[in-house]
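Residue-level listing of the chains:
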Amino acid sequence: MGKRSVIPYGPQHPVLPEPIHLDLVIEDEKIVEAIPSIGFIHRGLEKLTEKRDFNQMAYVAERICGICSFGHGYGYCEAVEHVMNVEVPDRAKFLRTIWFELSRLHSHLLWAGLMADAFGFENLFYQCWRVREKVLDAIELTTGGRVIFSVNKVGGVLKDITPEMQKMILETVDFVEKETKSLQKTFMNDYSVQSRMKGVGILTKEQAHAFGCAGPFARASGIATDMRMRGYAAYGEIDMEPITSDDCDCYARCDVRIREIFQSIDIIRQAISKIPEGEIAAAVKGNPDGEYFMRIEQPRGEADYYIRGNGTPNLDRMRVRTPTFANLAGLCETLKGADYADVGILVVTIDPCISCTER
Amino acid sequence: MYKITRSPWVMHYDGSSCNGCDIEVLACLTPVYDAERFGIVNTGDPMQADILLITGGINTQNAPVVKQLYEQMSDPKVVVAVGVCACTGGVFKECYNILGGADQVIPVDVYVPGCAARPQAIIDGIVKGIGIFQERLNKMESGEDEKSSQEEKDSSEEKEEAGKEE
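Protein chains in written order, with the numbering used here: chain A, 1167 to 1525; chain B, 5 to 170.
Treat the hints as calculated values from the structure; they're not laboratory data.
In this text, a Cβ means the ideal position worked out from N, Cα and C, and glycines have one as well.
Among the clues, some could well be false.
What the hints assert, rightly or not - Partner residues aside, some chain B positions facing chain A, computed with beta carbon under 10 Å:
{"no.": "1", "residue": "SER21"}
{"no.": "2", "residue": "LEU30"}
{"no.": "3", "residue": "PRO35"}
{"no.": "4", "residue": "VAL36"}
{"no.": "5", "residue": "GLY48"}
{"no.": "6", "residue": "ASN63"}
{"no.": "7", "residue": "VAL69"}
{"no.": "8", "residue": "ILE102"}
{"no.": "9", "residue": "CYS119"}
{"no.": "10", "residue": "PRO123"}
As the list claims (entries may be wrong) - Quick look at which bits of chain A chain B covers, simulated, 3 or more residues with Cβ under 8 Å:
{"no.": "11", "segment": "1169-1179"}
{"no.": "12", "segment": "1183-1195"}
{"no.": "13", "segment": "1213-1222"}
{"no.": "14", "segment": "1229-1241"}
I would like the entire structure built from these sequences, with the hints used as guidance.
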């Protein structure tokens, strides 16, 4: 038995785009225990409900996180709409679905790039981000923003997608599909990529269930959890199945996310073909009074929004529970027994979004 | 030594931002915006960095980390605040945990506004930062900077002494 020592990891680290601190207890290059400490990005925006009214909070909710911004804005708005019994027009539901999937596309491509960066494959990193820029162009054309869209409001959406824009989105997804197919070849078949990912960071189905993991991290361990199957927004009218894998390692997580890119492309095509004509927003009268619990599927997994209103413009309580918070426990379990050199890959493999986690 | 401005190394740190500006900073370095045409290289090591890109309004737990990173950078150094949160606190200004802008913790030279700041604006901010970097370098080489800092030291020592006498 070797000597134990503690290596601090983060908050500033080349692999991490965001600060999180891990105390790694290591013994002969093997990790015995990982103790996370968070709080570097805690802003306390849930308490802003006291200062902002429920319409303004939609923009604050969007800024919980820059990568999953659309999902947060959407989850908040839909929860308030349920409290206020607002019937959202069908067209707005389809528009939200299209934007949600575009944001999932850009998030997954971003993750693929960061993953390639984590195992030192710079060229692949640049290729992923080159493809991602096309998605951002489509988002900018339709919403006006690149990472923070600000198109959601309580009652519907602020902008419409015209037939010309729909054509442009379809061209974009064709391009992304073609490029992702060639990226998939590298991720799945390249010898050096496989040697870094196959059999690394195993999290069994039982463990994933016990630690309450969410999203692609849980789906790669064989748990078919996908909140989109609940049929919120327009997902009820779209034909889809959760993508799972039984390999439980980093390679499986990569496989699941890349297959989800193709799934998102499929959903965008279905949504554009089925989109109805009509209004894009409903009138909202009065103030929210009551409570609602909304569950949606973010690119990183299940996110929950709890809203309680008391009849005044300011909400009583807004609570968000994000997927990375659920996955951190699973991450610390996979880190046990891993090599020190694999820590960077394992941290990136859960697709950490610390801004969401700490709010 | 003057050639250092042809290839400034930037370090990026997330000081309690929403992450939007951070991915835009990364987007600057990738092929479409390609900050490397100005010689800008991303590094994770504060000791080797010339320009610090800081995002977010900085919370109480993060402030010592930001300060330490700034102190670890070797002189001359330039700080670019990216995004409206790093400039003033932005949408989170009234949050209980936010200090309100990067300049509350470390001296900031260039402010890049925007929520999230666009890659073009970030590159413009870095290029402006390079100009400031060159000025500081010139000062250092001519020895003015040492003189002025020496004078400051002397005056502060005098003040301390004066305080003791009182």
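We went through each hint and held it up to the structure:
no.: 1; hint: SER21; in the structure: holds (7 Å)
no.: 2; hint: LEU30; in the structure: holds (7 Å)
no.: 3; hint: PRO35; in the structure: holds (5 Å)
no.: 4; hint: VAL36; in the structure: holds (4 Å)
no.: 5; hint: GLY48; in the structure: holds (3 Å)
no.: 6; hint: ASN63; in the structure: holds (6 Å)
no.: 7; hint: VAL69; in the structure: holds (6 Å)
no.: 8; hint: ILE102; in the structure: holds (6 Å)
no.: 9; hint: CYS119; in the structure: holds (6 Å)
no.: 10; hint: PRO123; in the structure: holds (8 Å)
no.: 11; hint: 1169-1179; in the structure: holds (count 3)
no.: 12; hint: 1183-1195; in the structure: holds (count 3)
no.: 13; hint: 1213-1222; in the structure: holds (count 3)
no.: 14; hint: 1229-1241; in the structure: holds (count 6)
No hint from the list above goes unmet by this structure.
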